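As they're listed, the protein sequences go chains A and B.
Residues 1 to 117 (our numbering) make up the first sequence, in order.
Residues 1 to 421 (our numbering) make up the second sequence, in order.
Hint data in this document are derived by calculation from the structure and do not stem from the laboratory.
In this text the structure is predicted, and so the values were computed from the model without any measurement.
Do not rely on the hints blindly, as some may be mistaken.
Stated by the list, open to error - Derived Cβ-Cβ restraints for the label pairs, each shown as a range:
#1 S18/A to Q412/B: 55 to 65 Å
#2 Q412/B to A13/A: 48 to 58 Å
#3 N86/A to Q92/B: 21 to 31 Å
#4 E24/A to E206/B: 57 to 67 Å
#5 A48/A to A357/B: 48 to 58 Å
Claimed, not checked - Straight-line C-alpha distance at most 27 Å; calculated DSSO-like pairs for lysine-lysine:
#6 K38/A to K112/B
#7 K88/A to K164/B
#8 K112/B to K99/A
#9 K164/B to K104/A
#10 K76/A to K104/A
#11 K112/B to K164/B
#12 K38/A to K88/A
#13 K366/B to K400/B
#14 K38/A to K104/A
#15 K88/A to K82/B
#16 K164/B to K82/B
#17 K164/B to K99/A
#18 K99/A to K88/A
#19 K112/B to K88/A
#20 K104/A to K88/A
#21 K99/A to K38/A
Just so you know, even glycine gets a beta-carbon here, dropped at the ideal spot from N, CA and C.
Next come the chains, spelled out residue by residue.
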Amino acid sequence: MRYLLLIYQDEVAHTQWSEQQLAEEYQAYSNLDSEFQKLAVEVQGGEALMPTQTATTVRVRDGRTLTTDGPFAETKEQLGGYYLLNCKNLDEAIAAAAKIPGAKDGSIEIRPIMEFE
Amino acid sequence: MDAIQRVVADTFHQEGGRILAALIGSLRDFELAEDALQDAMLVALERWPLEGVPRNPSAWLTTAARNKAIDRLRRASTLARKQELLSELVEQEKQEELAEMEEQTIPDERLKLIFTCCHPALALDARVALTLHTLGGLSTPEIASSFLVPLPTMAQRLVRAKRKIRDAGIPYRVPPTEVLGERVEAVFYVVYLVFNEGYTASSGNELIRRELCDEAIRLARVLAMLLTQERLLDEVPEALGLLALMLLIDSRRGARVGPDGELVLLEEQDRSRWNVQQIQEGMTLLEGALRMKRAGPYQIQAAINALHAQAARAEDTDWTQIAALYGVLLRMTPSPVIELNRAVAIAMADGPLRGLALLDQPALGKTLRDYHLFHAARADLLRRAGRLHQAREAYLLALKLCQNERERAFLQRRLAEISPT
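Looking at chain A on its own, in the form it has when it is part of the complex (with noise of 0.2 Å):
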């Protein structure tokens, strides 16, 4: 089964950590492609997010095109990452979240992929 892994974190909170936790979130980051190949995961993609203040979101209501400025919701954590992984089952899924860093100090959600066959 294919899951996404969204990676959930206080992006205000994170400018303000010092270089040196930065190079270490970096190295952990780097090193997840190896545990997630120790679990027997397979990652099909994976990308970090620019900050929410670069966010647009746009709606479409009665044929006309809604554009607004950031996230629609105001929440402590925003999206700031993602994995795609394809897992056996979501214990796995559990299993390799558990390694993304991001779920330290924020909160990994696991969502299934819907398949259309």
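Following the hints, put chain B in place on chain A, whose structure we already have.
Just chain B, lined up with the frame of chain A:
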């Protein structure tokens, strides 16, 4: 109910969990398995009166249900994934003709079912409902009324849980070693929650609550047996500890409610009304568990309850030993509620002032500020210490926070006893 209906109903009640576990194993779909089993029971009701009851009713039902599932899949699906499952099932069917199946016993896959129903990715209330439904064979209306939830809400809760298992890919298996410990704990938690719901619920039908306690005890028995069979021996002592704990608590069920439905505290209970058989069994199980030298919180709690069970009169209770056990428990699973219990035990052993000193630590009072039993325990110790004015204040606080009708009546009574007339 005629004789055949009774055989079908009994088979379902005793073997339903096992049949369902086997069906889910091959169908990998909770809803399909349940629907197919329902179908199979209808077939049994039609055919058993004519053809006689088969020698192995549960194997017969399992096979019939699998055939019904094949019918349902044939009718319903064009999806590739289901086609694949369908051809697998047809293959299985060829290999196991009905006549052969009658000779076999169905493999016991209930442990997988227990772990799947108690998977932490499901909401806690869904885990409880699903466990009672699939393993306990309780109907949706029965579960709804035990938890005082409207029937449609409970029905939806169960459907959602089953769909999440399927759609999120929650595996149907006994978890591997690296997560086994925490998953077993989650199962124990659900079972004990079912028991407590039955034991302490303030309202609802007495009979249904009794059934919840019995069901929790039955589940713990099955769990201990299956863990032993699967040689998951590290987890067995706590399973036995949980079973012993529930038996020892349940032994006091008859004595804890007075003639008018009022709550009777442990020290005021008529101990001759305690269930000796349950106490005996609980103590034997606990001794067996402790010999395995893997102590855990359930065994310690069972040991505390065993000390109560061993005291012929309330004043014979070995409170020093109980306080020490609470100390052990506190180190294993630090919690303010256990600190509270330890303080009460120390008060019983060494006098109310020692207990009050512990309860009046600012940090503890702050965490338990909204917990009625904290104020009730404090009130009781203040009463024993003769500080009646403060005791009255604490009883009033407890009353303000307490929701349980029986406990409220008890607190009112205590308050009246020490109030000037």
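Outcome of the hint check:
Checked against the hint of 55 to 65 Å, the C-beta distance between S18/A and Q412/B comes to roughly 59 Å, which is consistent with it. A hinted range of 48 to 58 Å for the beta carbons of Q412/B and A13/A is consistent with their spacing of about 50 Å. Checked against the given bound of 21 to 31 Å, the beta carbons of N86/A and Q92/B, roughly 28 Å apart, stay inside it. Take E24/A and E206/B: their Cβ atoms lie about 59 Å apart, and the range 57 to 67 Å holds.
Against the hinted window of 48 to 58 Å, the Cβ-Cβ separation of A48/A and A357/B comes to about 54 Å, which satisfies the hint. For the proposed pair K38/A and K112/B, the alpha carbon gap of about 26 Å is at most 27 Å, so the pair holds. For the hint linking K88/A to K164/B, the alpha-carbon distance of about 16 Å falls within 27 Å, and the restraint holds. A distance of roughly 26 Å separates the Cα atoms of K112/B and K99/A; the hinted pair therefore holds under the 27 Å criterion.
Among the hinted pairs, K164/B with K104/A is consistent with the structure: their alpha-carbon atoms are about 26 Å apart, no more than 27 Å. For the hint linking K76/A to K104/A, the alpha-carbon distance of about 16 Å falls within 27 Å, and the restraint holds. For the hint linking K112/B to K164/B, the alpha-carbon distance of about 16 Å falls within 27 Å, and the restraint holds. For a cut-off of 27 Å, the pair hint linking K38/A to K88/A stands: about 14 Å separates their Cα positions.
Restraint check for K366/B and K400/B: satisfied, since their Cα atoms lie roughly 17 Å apart, inside the 27 Å limit. For the proposed pair K38/A and K104/A, the alpha carbon gap of about 20 Å is at most 27 Å, so the pair holds. Distance restraint check for K88/A and K82/B: the Cα-Cα separation of roughly 18 Å lies within the 27 Å cut-off, and the hinted pair is therefore satisfied. Pair hint K164/B plus K82/B holds up; C-alpha atoms about 18 Å apart against a cutoff of 27 Å.
Straight-line distance between C-alpha atoms of K164/B and K99/A comes to about 23 Å, which keeps the hinted pair within the 27 Å bound. Taken as a hint, the K99/A and K88/A pair is honoured in the structure, with Cα atoms around 17 Å apart against an allowance of 27 Å. Our distance criterion of 27 Å between C-alpha atoms is met by K112/B and K88/A, whose separation comes to about 17 Å. Restraint check for K104/A and K88/A: the C-alpha separation of about 24 Å stays at or below 27 Å, so the hint holds.
In summary, the hint linking K99/A to K38/A is supported, as the alpha carbons are separated by about 11 Å, within the 27 Å threshold.
Consistency note: the structure conflicts with none of the earlier hints.
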